[in-house]
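Student: Each chain is listed here by its residues.
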Amino acid sequence: MIQVKNLTKQFGDVTAVNDISFEVKAGEVFAFLGPNGAGKTTTIKMLTTLLRPTKGELQIDGLDPTTQQSEVRKKFGIVFQDPSLDQDLTALENMQIHGALYHVPRKLLKERSETLLKLFELWDRKDSLVKTFSGGMKRRLEIARGFLHSPKILFLDEPTLGLDPQSRNQMWNQVKSINQSERVTVFLTTHYMDEADRVAQRIAIIDHGKIVATGSSQELKDQTKTNSLEEAFLALTGTTIRDESATSADQMKQVLRMWRR
Amino acid sequence: MGALYILWLREVKRYLRSRAQIIASLGQPLLYLVVLGFGLGPTFQKAGGGSYVQFISPGIIGMAVLFTSIFSGIALLWDRQFGFLKETLVAPVPRIQIMAGRTLGGATVSMIQGSLVIIISLIAGLRPVSWAGIPLAIGFMAAIAIVFAALGTALGASLQDMQGFQLVMNFLVLPIFFLSGALFPLNNLPAALKIVTRIDPLSYGVDGLRGALIGTSFFGIAFDAGALAIAAIVLLCLGAWRFSKIEI
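First to last, the protein sequences are chains A and B.
Terminal number for the first sequence in the numbering used here: 289, no gaps in between.
Terminal number for the second sequence in the numbering used here: 261, no gaps in between.
Excised from the complex, chain A in its bound form (with noise of 0.2 Å):
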C-alpha cells in the first residue's frame, strides 16, 4: 500500500530524512516511531503531497504523490500533529468543511458527524467556536474529523498528543474498528510504546533520519534481547534526549524554514 524507496529530504545543509526505504502492506497498521527531530513528520508529510522529497522514489496504493498529487490525496486522511482547526468556526463547522472537501455526502455526512461528536464527547458543544475549546477538545475535534470519512489510508501524527487516557482509549479502539472493518491501512506515529505495542502489527524505528530497525514488537524485543518495546526502543536510539520539547523543536524547525526560504 505504501512503497518508500531510498528517500532523502533536505532542508538546506540539514538532512532530516535520510535514504530510508520501508514497505507497509494493505491492511496493515504500522507505527513509525522516533525521538523527536527523528524525521517521522517529514515522512508522512513527504507521503501527504505536503512536501517535494529531494531524491527517492515513493508509492501511495500504486501512485507517485510527487507526481499524481490530486489522486493520492483521494486516498489517504490524516490527523495533524500540530493543530489544523479553524478556531474562528463551530465544531460542527469544521466537520462540514471536511466533509466537503472529501466529498462525504450530505446525509451520510450528518450521521457521521453526529456519531462521531458524541463519541468523542463534544455533541453538547458541536456549536461553540473552537477558540473556546481547551486543548484536549480541540484535539479529540482533529480525531472525530480524521474518521469523518473513510480513506484507504489513515496517517496518524502523535494523534493522542495532550489527550486523557478516556479519549486515548476510544481514539485506538475506533482505529483497530476501522482497520478491521473496512480494511483502512494505518501509518501512526506516536511517542507512547504502549500504543504501539497494543495496535501495531508492525514497527519501524527512525533515529537521526535512518531507519535503525523494523519488525513486530516481539521481533524488535528479541533482536534486542529486552522485555517490553519501550526499553527495546531506548536500547535502539539511545537514551540520550535531543531536544527539550516537541512543540520548542517543531518551532526551531519552523524558523529554520522560513530562513531558508
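Hints listed in this document are in silico derivations from the structure and should not be mistaken for laboratory results.
Incorrect hints may appear among the rest.
As the list claims (entries may be wrong) - What the simulated footprint calls covered on chain A by chain B, stretch by stretch (three residues with Cβ under 8 Å from a Cβ of chain B suffice, anywhere in the stretch; the number is not a length): (1) 67-77; (2) 122-132; (3) 200-211; (4) 251-260.
Claimed, not checked - Below, in silico cross-link-like pairs of lysine to any residue (SDA-like), each with a Cα-Cα straight-line distance of 20 Å or less: (5) A:Lys253 / A:Arg270; (6) B:Lys26 / A:Arg153; (7) A:Lys154 / B:Gln110; (8) B:Lys26 / A:Thr118; (9) B:Lys26 / B:Gly96; (10) A:Lys166 / B:Ser257; (11) A:Lys102 / A:Arg153; (12) A:Lys159 / B:Arg27; (13) A:Lys180 / A:Asn201; (14) B:Lys258 / A:Gly40; (15) A:Lys102 / A:Lys159; (16) B:Lys258 / A:Thr95; (17) B:Lys258 / A:Asp92; (18) A:Lys33 / A:Lys204; (19) B:Lys26 / A:Asn201; (20) A:Lys102 / A:Asp89; (21) A:Lys166 / A:Arg140; (22) A:Lys154 / B:Arg30; (23) A:Lys204 / A:Tyr220; (24) A:Lys159 / B:Phe197; (25) A:Lys53 / A:Trp151; (26) A:Lys159 / B:Leu22; (27) B:Lys258 / A:Lys154; (28) A:Lys180 / B:Pro105; (29) A:Lys138 / B:Gln94; (30) A:Lys103 / B:Tyr45; (31) A:Lys180 / A:Ser98; (32) A:Lys159 / B:Tyr18; (33) A:Lys103 / B:Arg108; (34) A:Lys138 / B:Gly15; (35) A:Lys102 / B:Ser257; (36) B:Lys258 / A:Gln97.
To be verified - From the derived model, a few chain A residues whose C-beta atoms are all more than 12 Å from chain B: (37) Ser49; (38) Glu170; (39) Arg196; (40) Asp225.
We treat Cβ as the ideally placed atom computed from N, Cα and C, and that holds for glycine.
Following the hints, position chain B against chain A.
Tutor: Here is chain B on its own, set in the frame of chain A:
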C-alpha cells in the same frame, strides 16, 4: 464545486462573525472622507475641482475594497500559522478550486465592506449623478475585489511569516492606494507619477467608480473595465500558480 462553495462560505461566515472588526475597519474610510473631504474641500473647490467629497468618495470606496480584499488573501498566512491551511491542502480537491473559493469569498467580503462605505459616503455628501450608476459601481467594486483578492492570495502563498506582512503593507498596499488617483485627479501629473499611476490597477478601478458614481472618468469606463479584466486574469493566474507551489 462543494469545496469551492464551502470555502467561500467560510470566508463570509468569518467576516460576518467579526462585528467588532467590521466596525473598526469602517473607521479609516470615515476618517479619510470626513477629514480630507471637508478639510481639503474649500481648497479643491477654489482650484476649480468642484466638491472634494464628491471627488474622493469613489477613491475611498476603492480603498476599502482594496484593503479588505488584499488582507483576505494575505489571511492565508494566518491559516498557515494556525494550521487550517494543511487541512485544505491535503484534501482531494484541485488546488485551483481551493484558491478560487478563498478568492471569491474574499472578494464577496470586500464588496460587502465597499457597499457599507458607499452608504457612509452617501451620508457624508456623495450625490451620484444617477441611481442607475450604482449597479455599475458595484460591478467595478467586484472587479477591484477580485483583482486584489487574487494579488493577496499570491502574496499570502509566497510569504512565510508575519514579518513579511509589514513589508507588503508599506511597500505595496499603501502605494497602490496613494498612487491610484483616489485622492487627486490624474490629469496634469508629472511624468514619473503619470507612468506609475497608469501601472496601478486600482487607478482604473477608482476611475471606473468615479465614472459610475459622479459621471466623470479620466480613461473612459470601457477602458477601465478592460484594464481591470486584464489585471484580474494576470493576477488570478499568478495567485493560482503561487498557491499550487505551497509546501508546508
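Student: None of the hints should be skipped; say for each whether it holds.
Tutor: Results of checking the hints against the structure:
1. 67-77: Three-residue rule met by the segment 67-77 of chain A, so holds; n is 3.
2. 122-132: The restraint on the segment 122-132 of chain A holds, since 7 of its residues have a Cβ under 8 Å from chain B and three suffice.
3. 200-211: violated (count 0)
4. 251-260: That given contact is violated, which follows from only 0 residues of the segment 251-260 of chain A lying within Cβ reach (below 8 Å) of chain B.
5. A:Lys253 / A:Arg270: Cα-Cα ~24 Å, so violated.
6. B:Lys26 / A:Arg153: Holds, at about 19 Å.
7. A:Lys154 / B:Gln110: violated, 27 Å
8. B:Lys26 / A:Thr118: holds, 11 Å
9. B:Lys26 / B:Gly96: Given pair lysine 26 of chain B, glycine 96 of chain B holds - Cα atoms ~19 Å apart, limit 20 Å.
10. A:Lys166 / B:Ser257: With Cα atoms ~28 Å apart, lysine 166 of chain A and serine 257 of chain B exceed 20 Å; violated.
11. A:Lys102 / A:Arg153: It is violated: about 30 Å lies between the C-alpha atoms, which goes past 20 Å.
12. A:Lys159 / B:Arg27: It holds: about 13 Å lies between the C-alpha atoms, which stays within 20 Å.
13. A:Lys180 / A:Asn201: Answer holds: lysine 180 of chain A to asparagine 201 of chain A is near 18 Å, not above 20 Å.
14. B:Lys258 / A:Gly40: holds, 18 Å
15. A:Lys102 / A:Lys159: violated, 29 Å
16. B:Lys258 / A:Thr95: holds, 13 Å
17. B:Lys258 / A:Asp92: holds, 17 Å
18. A:Lys33 / A:Lys204: violated, 28 Å
19. B:Lys26 / A:Asn201: With a Cα-Cα distance of about 35 Å, the restraint between lysine 26 of chain B and asparagine 201 of chain A is violated, given a limit of 20 Å.
20. A:Lys102 / A:Asp89: holds, 11 Å
21. A:Lys166 / A:Arg140: holds, 18 Å
22. A:Lys154 / B:Arg30: holds, 17 Å
23. A:Lys204 / A:Tyr220: holds, 17 Å
24. A:Lys159 / B:Phe197: Roughly 44 Å separates the two Cα atoms, so the pair is violated.
25. A:Lys53 / A:Trp151: Distance of about 35 Å is beyond 20 Å: violated.
26. A:Lys159 / B:Leu22: holds, 19 Å
27. B:Lys258 / A:Lys154: Violated - the C-alpha atoms of lysine 154 of chain A and lysine 258 of chain B are around 34 Å apart, more than 20 Å.
28. A:Lys180 / B:Pro105: Status holds; Cα separation ~13 Å.
29. A:Lys138 / B:Gln94: violated, 29 Å
30. A:Lys103 / B:Tyr45: violated, 53 Å
31. A:Lys180 / A:Ser98: holds, 15 Å
32. A:Lys159 / B:Tyr18: violated, 23 Å
33. A:Lys103 / B:Arg108: Distance of about 16 Å is within 20 Å: holds.
34. A:Lys138 / B:Gly15: This hinted pair holds, its Cα atoms lying about 15 Å apart.
35. A:Lys102 / B:Ser257: holds, 17 Å
36. B:Lys258 / A:Gln97: holds, 12 Å
37. Ser49: holds, 23 Å
38. Glu170: violated, 9 Å
39. Arg196: holds, 21 Å
40. Asp225: holds, 28 Å
Of the numbered hints given earlier, the model fails hints 3, 4, 5, 7, 10, 11, 15, 18, 19, 24, 25, 27, 29, 30, 32 and 38; all others are met.
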